[in-house]
Amino acid sequence: MSLPAVKKLKTEVRRPDGMQRELYSLLGENTPPVMVVPDHYKGKPNWRQKATPWNWCPFTNRARDDSLVLKHWVRGQPDTDEIYRFAKFNVKINVPEWSDEDYQLFKRDEWTIEETRYLFDLCREFDLRWLVIHDRYDYQSVLDRRSSVDSSVEAGAEKSDAPDDQIQNVSQLRTIEDLKSRYYEVCSALLRKSSYLSPNDEELLEQMNFSKENEVKRKAHLERLMSRSPNQVAEEEALVLECRRLEALADQMAHERAEIISLLDTPAATGSIAQYQSSQGVTSLHQQLLAEKSRKPKEHVNIVNAQSGPAFKKGHVDEAKSGLAAQIIQKRLSTKEEAAYGITYHEKFAPGVYLRSAKLTTLKQNQASRAQSVFNELSIPMRPIMPTAKVAAKFDTLLQSISLLLDAKRALDKIEAELRVSKEVKANSGS
Amino acid sequence: MAQVYGADEVNAVVLDPGAAWTRTGWAGEDAPSATVSSWYSYMKDDDGTISRRQYGDDIVNMARANVEVANPYEDGLVSDFEAAQELWNVALASEMASLEDAPLMVTQPSWGDSSYQRQVMEYCFEKTKTPAAYLAKSAVCSLFSAGRGSGLVIDAGAQTLSITPVIDGLVLNKPSIRTKRAGNYLNTQILAALTDLKHEIVPWYQVSKKEVVELGEPAKYTKKGIETTSSYHDLQVQRVIDDFKESLVQVSGVPLDEKTETPARTYEFPDGHSAEFGKERFELGESLFRNGSDEMSDDSENSKGVSQLVIDVINNCDVDIRANLTNNIVITGGTSLLQGFTARINHDLQQAFPALKIRLYAPGNMTERRNASWLGGSILASLGTFHQLWVSKQEWDEVGAEQIAAKRFR
Ligand SMILES: Nc1ncnc2c1ncn2[C@@H]1O[C@H](COP(=O)(O)OP(=O)(O)O)[C@@H](O)[C@H]1O
Numbered sequence: 001m002s003l004p005a006v007k008k009l010k011t012e013v014r015r016p017d018g019m020q021r022e023l024y025s026l027l028g029e030n031t032p033p034v035m036v037v038p039d040h041y042k043g044k045p046n047w048r049q050k051a052t053p054w055n056w057c058p059f060t061n062r063a064r065d066d067s068l069v070l071k072h073w074v075r076g077q078p079d080t081d082e083i084y085r086f087a088k089f090n091v092k093i094n095v096p097e098w099s100d101e102d103y104q105l106f107k108r109d110e111w112t113i114e115e116t117r118y119l120f121d122l123c124r125e126f127d128l129r130w131l132v133i134h135d136r137y138d139y140q141s142v143l144d145r146r147s148s149v150d151s152s153v154e155a156g157a158e159k160s161d162a163p164d165d166q167i168q169n170v171s172q173l174r175t176i177e178d179l180k181s182r183y184y185e186v187c188s189a190l191l192r193k194s195s196y197l198s199p200n201d202e203e204l205l206e207q208m209n210f211s212k213e214n215e216v217k218r219k220a221h222l223e224r225l226m227s228r229s230p231n232q233v234a235e236e237e238a239l240v241l242e243c244r245r246l247e248a249l250a251d252q253m254a255h256e257r258a259e260i261i262s263l264l265d266t267p268a269a270t271g272s273i274a275q276y277q278s279s280q281g282v283t284s285l286h287q288q289l290l291a292e293k294s295r296k297p298k299e300h301v302n303i304v305n306a307q308s309g310p311a312f313k314k315g316h317v318d319e320a321k322s323g324l325a326a327q328i329i330q331k332r333l334s335t336k337e338e339a340a341y342g343i344t345y346h347e348k349f350a351p352g353v354y355l356r357s358a359k360l361t362t363l364k365q366n367q368a369s370r371a372q373s374v375f376n377e378l379s380i381p382m383r384p385i386m387p388t389a390k391v392a393a394k395f396d397t398l399l400q401s402i403s404l405l406l407d408a409k410r411a412l413d414k415i416e417a418e419l420r421v422s423k424e425v426k427a428n429s430g431s
Numbered sequence: 001m002a003q004v005y006g007a008d009e010v011n012a013v014v015l016d017p018g019a020a021w022t023r024t025g026w027a028g029e030d031a032p033s034a035t036v037s038s039w040y041s042y043m044k045d046d047d048g049t050i051s052r053r054q055y056g057d058d059i060v061n062m063a064r065a066n067v068e069v070a071n072p073y074e075d076g077l078v079s080d081f082e083a084a085q086e087l088w089n090v091a092l093a094s095e096m097a098s099l100e101d102a103p104l105m106v107t108q109p110s111w112g113d114s115s116y117q118r119q120v121m122e123y124c125f126e127k128t129k130t131p132a133a134y135l136a137k138s139a140v141c142s143l144f145s146a147g148r149g150s151g152l153v154i155d156a157g158a159q160t161l162s163i164t165p166v167i168d169g170l171v172l173n174k175p176s177i178r179t180k181r182a183g184n185y186l187n188t189q190i191l192a193a194l195t196d197l198k199h200e201i202v203p204w205y206q207v208s209k210k211e212v213v214e215l216g217e218p219a220k221y222t223k224k225g226i227e228t229t230s231s232y233h234d235l236q237v238q239r240v241i242d243d244f245k246e247s248l249v250q251v252s253g254v255p256l257d258e259k260t261e262t263p264a265r266t267y268e269f270p271d272g273h274s275a276e277f278g279k280e281r282f283e284l285g286e287s288l289f290r291n292g293s294d295e296m297s298d299d300s301e302n303s304k305g306v307s308q309l310v311i312d313v314i315n316n317c318d319v320d321i322r323a324n325l326t327n328n329i330v331i332t333g334g335t336s337l338l339q340g341f342t343a344r345i346n347h348d349l350q351q352a353f354p355a356l357k358i359r360l361y362a363p364g365n366m367t368e369r370r371n372a373s374w375l376g377g378s379i380l381a382s383l384g385t386f387h388q389l390w391v392s393k394q395e396w397d398e399v400g401a402e403q404i405a406a407k408r409f410r
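Heads up: the sequence lines are chains C and R, in that order. Per full-length UniProt numbering, numbering through the first sequence is continuous, rising by one, with the last residue being 431. Per full-length UniProt numbering, numbering through the second sequence is continuous, rising by one, with the last residue being 410.
Since the hints were derived computationally from the structure, they do not count as laboratory data. Being a predicted model, the structure only gives us computed values, none of them experimental. Incorrect hints may have been included.
Stated by the list, open to error - Restraint-style ranges between C-beta atoms, simulated for each label pair:
| # | chain 1 | residue 1 | chain 2 | residue 2 | range |
| --- | --- | --- | --- | --- | --- |
| 1 | C | 222 | R | 56 | 50 to 58 Å |
| 2 | C | 200 | R | 323 | 30 to 38 Å |
| 3 | C | 224 | R | 312 | 18 to 26 Å |
Claimed, not checked - Lysine-lysine pairs mimicking DSS-like chemistry, simulated, CA-CA at most 27 Å apart:
| # | chain 1 | residue 1 | chain 2 | residue 2 |
| --- | --- | --- | --- | --- |
| 4 | C | 336 | C | 364 |
| 5 | R | 407 | C | 71 |
| 6 | C | 212 | R | 129 |
| 7 | R | 357 | C | 71 |
| 8 | C | 88 | R | 407 |
| 9 | C | 92 | R | 407 |
| 10 | C | 71 | R | 174 |
| 11 | C | 336 | C | 409 |
| 12 | R | 220 | C | 92 |
| 13 | R | 393 | C | 88 |
| 14 | C | 219 | R | 127 |
| 15 | C | 180 | R | 407 |
| 16 | R | 357 | C | 219 |
| 17 | C | 180 | R | 129 |
| 18 | C | 92 | R | 174 |
Cβ coordinates follow ideal geometry from the N, Cα and C atoms, glycine included.
With the rest of the complex left out, here is chain C (with noise of 0.2 Å):
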């Protein structure tokens, strides 16, 4: 058995006898090793055209009333005819338009035609943000201007005084309910107005049909949502807390059951286990199991465990411990039995399947390779072909061996290549 290295020190004349090759290396007049420089360079990019320029261009928007003028910066040429890019954003909600003769589908006592128009112009304006339009929802200071010019310009003013005070009053509480029915209700009877109704207007309709009582109870109730204590929203939270626990552990509950009813051998065991789910059902399956079990001849049971007992889960052991096959096992096999029935005593299960080859020992990095040269010495492949229990247990050990004896060989190598330099050194200072 000779090493790669070993060969080469017979190649090198001009070696010390003994140097070791890595010392040797390091001596001496030594010519740097040549680097490959592989070539990344690009060189400049040849851009054909120039660069596009930005120019500070005037535009006009088209979302705006007027031809105000501002300037921005646009690449390259500034298209004149170009729509501004953000004009298409200006969108308005369409919110119905209605004419006098309207007025009279949607008449009410309370609400004065003046006032309708008032709503509806906001709704327009604030795109029917509700909570806006009630903010400034403020016909009262309309009111006020109009009588104020009224006066300035007629002196009898007081005639329209008394109808005026009730609305005013009313206007002033309204809530954004009271607004949001009113304008519900105009466009609902403005659309039953026509003849005709698409099947996307019926919906609308439906749509629009705006219960002020219901709005204002569900306020109510989120008001009281809001409003409660501490200590009830902290007595909320550990309830919703629980009530995941629970959950989760009914679920935990119902999976460990099945498992147990699929691994319990029975027929029914690939049906639905739903009968099983209560300790009741659970309570006669194990009945009708041991019934079944006592009725089976003893061989019969013997060799299904046999056969699949390797392969039993953790759990099941202990079952199949207080089976018959323990029993037999029990009585003491010889180990030509034991063999042959594959049986074989573990201190403790891995969980899992394994590969009994992963099992096999694994040598550190640098004797792997020395290794590797030993086995195609011996002409053995570096893992079983066929790892039975008995292969993998004697290659386990012819492992260990080559393994050992590689260690001793490199001991020795070393012990005597010093000797051969301290002899060496010590011939050439005697003579």
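Given the structure of chain C, go ahead and fit chain R with the ligand onto it with the hints provided.
This is chain R with the ligand only, laid out in the frame that chain C set:
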């Protein structure tokens, strides 16, 4: 880039007038290019007319005989338009030449009414050459600077502290509240407390030489003999108090009582004497938060603490948006930089709304906190979709000031 953020730069100029500082700069940048003190100095002629107004920190703080100082703002709004316009001219000095084809965006408190808006717009179109201008509500701008369109803005400035709910970039006026319990109020409280404790406040300008003295020992310093006006002296005293406030005053994390720990800190006054303040530091911070009346409270708004006001505002809003508001609270303004200010608001709101999620947004960066409304204006004025909202000079001339002030600034 422009595509992603919807930005389209038109080189707009943003002006953010505040009672303490006036900030100006180019839209699209992340900080104002000029921040000018809103105080100015002036001299009175013999016949009482005001002459030679001068602006800028250095000049205003220079000790001179017969020179008065004043501030053109009151309640967060301009009260002296003549002085304010000159101030804005100074603040806009570097942009003024470009305003010929750059639109001008001015921020304003949401309580500025249409006559106020008209006067500001008059400045834009008559004193500058801008082709278009717009007034944006500062609360909305602050919210934008935090990247939000709806939420609750708490702006703690010098003269006012305002609490403003905003929905889709539109201020809800009815529930909005403002109070005088802000920076200047706190300064009065501090001055009163220091006077009670027999600390004489000698501003820096009066000290020519001082000696180091032990804690609690009387000051040993040489006084400079400069004759100044009382308005100048008061401003300088306020500057000492500002310094005291910024370095010492703290808001307790929970409502203050006997058991609260109040670690002491030392403050050295300009004249060299120094003292320890423990409980006082927290008492003063608490004055912004304490409910109940004191000499300042002439109306209900001012008799309530900041947290209580925030709670009131939220409760005055529609139930449907309360969760949205508490989840998007933006805190800005110099006074909110008081130690413990945001933590305290967070604590109080958590107590008041256990069922709602409270999330405060307060930039940790000092400049960002102080400039939030300028920054929001800068963002707004560089949005491509915003350019349809500018009020053009043409529109101003045709439609008329009244109509525009009433209709255009929602
Ligand atoms: N670090 C700080 N701590 C406490 N107060 C501060 C701090 N910095 C600034 N202030 C106060 O903030 C106020 C100025 O805030 P600012 O938001 O600029 O007001 P405005 O918007 O009204 O101009 C002043 O009263 C100033 O004393």
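Structure-based check of all given hints:
1. Range check, residue 222 (chain C) to residue 56 (chain R): about 53 Å between beta-carbon atoms, so the 50 to 58 Å window is met.
2. At about 33 Å, the CB distance of residue 200 (chain C) to residue 323 (chain R) agrees with the hint of 30 to 38 Å.
3. Distance hint check for residue 224 (chain C) and residue 312 (chain R): the Cβ-Cβ separation is about 19 Å, which falls inside the suggested range of 18 to 26 Å.
4. As the CA atoms of residue 336 (chain C) and residue 364 (chain C) are separated by approximately 36 Å, the hinted pair breaks the 27 Å bound.
5. Simply put, residue 407 (chain R) and residue 71 (chain C) have alpha-carbon atoms about 26 Å apart, close enough for the 27 Å limit, and the pair holds.
6. For the proposed pair residue 212 (chain C) and residue 129 (chain R), the alpha carbon gap of about 52 Å is over 27 Å, so the pair is violated.
7. Simply put, residue 357 (chain R) and residue 71 (chain C) have alpha-carbon atoms about 44 Å apart, too far for the 27 Å limit, and the pair is violated.
8. With a C-alpha separation of about 23 Å, the suggested pairing of residue 88 (chain C) with residue 407 (chain R) holds against the 27 Å cut-off.
9. Annotation: proposed proximity of residue 92 (chain C) to residue 407 (chain R) holds, straight-line Cα distance about 17 Å (limit 27 Å).
10. Only pairs whose Cα atoms come within 27 Å are accepted, and residue 71 (chain C) paired with residue 174 (chain R) is rejected, the gap being roughly 38 Å.
11. Between residue 336 (chain C) and residue 409 (chain C) the CA atoms are separated by roughly 39 Å; this puts the pair beyond 27 Å, and the hint is violated.
12. Distance check on the hinted pair: residue 220 (chain R) and residue 92 (chain C) sit about 72 Å apart at the alpha-carbon level, beyond 27 Å; violated.
13. Between residue 393 (chain R) and residue 88 (chain C) the alpha-carbon distance is near 24 Å, which keeps this suggested pair within the 27 Å criterion.
14. Among the hinted pairs, residue 219 (chain C) with residue 127 (chain R) is inconsistent with the structure: their alpha-carbon atoms are about 51 Å apart, more than 27 Å.
15. With a C-alpha separation of about 23 Å, the suggested pairing of residue 180 (chain C) with residue 407 (chain R) holds against the 27 Å cut-off.
16. For the hint linking residue 357 (chain R) to residue 219 (chain C), the alpha-carbon distance of about 19 Å falls within 27 Å, and the restraint holds.
17. For the hint pairing residue 180 (chain C) with residue 129 (chain R), the CA-to-CA distance comes to about 45 Å; that exceeds 27 Å, so the pair is violated.
18. Note on residue 92 (chain C) and residue 174 (chain R): the hinted pairing holds, with a Cα-Cα distance of about 25 Å set against a maximum of 27 Å.
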